[in-house]
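Counting from 0, one number per residue, gives the positions in the sequence shown under numbering that gives the first Met the number 0.
Worth double-checking, as some hints may not be accurate.
In the DSSO-like style, the derived pairs of lysine-lysine whose C-alpha atoms are separated by at most 27 Å in a straight line are [claimed, not checked]:
| id | residue 1 | residue 2 |
| --- | --- | --- |
| 1 | K746 | K697 |
| 2 | K478 | K746 |
| 3 | K535 | K567 |
To be clear, the hints were calculated from the coordinates, so they are not data collected in a lab.
Since the model is a prediction, treat every value here as computed from it, not as a measurement.
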Amino acid sequence: MDAEKRQNPGQSPGFVRCSMAAAMTLGLKPGRFWRNARLHCINLLLTYENGCKGVCAYCGLSRMRNLEGGQRQEACAVSSAGVLQVEKNNTLKRELQTESRTISSECDLQVGKNSTLKRELRTKNRTFIRVQWPIYPLREIISRLARCRHARRVCISMITHPRALDDTAAIVQAIRLESPILISALITPTLVDAGEFERLKACGVDKIGIAIDAATPQPFDRLRGASAGGPHRWQTYWERVAEAAEVFGRGNVGVHFIVGLGESERDMAGAFQTVHDLGGTNQLFSFYPEPGSRMEDVAPPPMDSYRRVQLAAHLIDAGICLVDDFIFDPVNGRIVSFGIAESVLDGIIESGEPFMTRGCVGPDGRVACNRPFANSPPGPGLRNYPFSPDHDDIERIRHQLAGQWREEEPIRSRRRPSGASGAMRKSDPNRNGRDGSAARLSSPKSELAEVGARPSTSGAIADLSIRRAAITFFAPSFKHYDTDDFRSSGQPIHIAASVTGTQCDLRCLHCGGQLLRNTYSTPTPAELWDLTLRLKSRGLRGLLLTGGCGRDGVVPLGPFCPTLARLKSELGLHTTVHSKLMNRSLAGALRGSDIDAALLDVVGSLDMLKRVYRLADKTLDDIGRSLDLLAEYAVPVSPHVILSNLAGADGEGDRALALLEGRQLRSLVIVLLMPLAGCDVGPTADWDLAEVGRLFNKARATFPTTPLLLGCARPAGQLQKEIDALAVEAGFDGIAFPSEAAVARAKQSGHEICFSEMCCS
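Given the sequences, and given the hints that come with them, work out the whole structure.
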């Protein structure tokens, strides 16, 4: 390394560029982040005297930066001649070494004509992705890493230079010798053959980044490929994504896309799905005009569009949706629907997660490469949040999704608006639907309140007026469903698995353990992993993990929690678990499982709890304590309120809802007690549909913004039709296995409808 430094002073591998945020985090530069943000990944960039050989139109590293039009064309012509030779001989690395000298000489001829231009070229790399990237000795970086409390990962970015691959490997090895920190490599596919991934992995790289940037071949070619006079090729980049995923494994290859390079939202969503299918993850940047680049006068993408694209990336990467579920405007490719219930989308927006920076994770499984303010300045116009958005941020995001927010100031001189939500346009009643719908990114809650509508967050689309909210009808694939409106695919989209097989200590009177017969038996974590891995190739997207209860009403799920976390991080499954009650040990284990929700039975009848559930020593307070434990350990909960027609069960529904009032719920599911064949629950009365309707309306009023769902269990036949109709009229967001009459009623009432083979919880 010392010899290399002497031969190449100020150049890699002995020296590297360091992002301004990383320099601040390492104590190399003074300063602090807006709102006390923290950077958790030290971003490093290779540096060479003759720079990057790429000509990407939007990049601060492009050798074309600051060249005037004619000079740029002349320099590109030289580059294009070299590129043609590359294509003839397929010897890109050798050509780049020659081109390094040719382009340098050509540029010197141009620069000699204008001393001002020469000064510009000497300083053209002062900024990259909006901020400065100062140069430091690698040994200084490594020394400070050891003292940096917040760093969880290092990312080394290659540039298009013939030495870049070897120097990247050398830098990785130098860091690994002195630090156990995780290391990512953002590679240049043009320089990397398939076999080189094994080399990088052996050096100590655990994740690969590939910046495809453009979502389709045309802008890729025009902005950085052959048409631009550059060396990069669309097909090569995608081949390297697939090869890297083979070597590093699913979830360990991050593909960068820049929103705002001329693509449509349909284009971007399609690219996300391709990455996901190949085993990669999608990492987003919002285009920011670099001064002196060919695109310096191009504006960033509209905020509402960027927010929709962020949602698309999140939904696809999390396995919640496929791009085929989306509906696009046939004219401009804008996302009109994500194909999921409005209530579900609202919860996802409320979480703020889709709008946070997408990047490589640290050892705790959370994003480490959070790049504070890398592609937009601090303030209300923040594109990628380096921290969890707070309540005011979420309200602003809702305005942005609705197209009711704009940046008042030019991009280089923004001032923070005085209002907490940023500047808003005057509302346009013809622009936004009154209630929103499953794919229509909604008006913000404040405006909806003005027109008396229930809050919605699914989005507004121009010239569409939706009078009623969307309803999702769920037909989980563990039971066949076939009507004129929807037919099950026959694929294992969502499954239920039991950790105890058919064994249950309680043998509740309404079930007798029969429900477990229809589940996959996975008595060990290894068997659960093998099952889901096998079914993933057949379309598996969701899992309910349940089992028989012990005498305490708790399902022994604890040993399976690490596997549940893997199912989320490696397979992207939607995961839920079910237990009648909860103890501290299980709640603590679930905290690290990354499940989407815990399903807990909530009853308001002691007779139901003690006699039917056979939990003789339990009271309703034990249900409350179970809910408290889940809240204490921050486990999302989707309680199932059980209504019954047991004799003497008056008031049970009100007591059950009272146990939940004031709690943060992911969703609320209501089911009606349905004894299975051969089961006797004792004396019952006829179902009082007026009382059922009252409780449905009370639940909606008590939890106005919580997704409210009618679950699988309820009487069949004419009673089902009437109960389903009550749910539609009460404003439920979803119904499992609906009657055909309920679907027809929803249509007649002006609801938008969609079907899903996922579980409603």
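Hints and how they fare:
1. A C-alpha spacing of about 24 Å is found between K746 and K697, which places the hinted pair at or below 27 Å, so the restraint holds.
2. For the given pair, K478 sits about 24 Å from K746 by alpha-carbon distance, which is consistent with the 27 Å threshold.
3. Distance check on the hinted pair: K535 and K567 sit about 12 Å apart at the alpha-carbon level, within 27 Å; holds.
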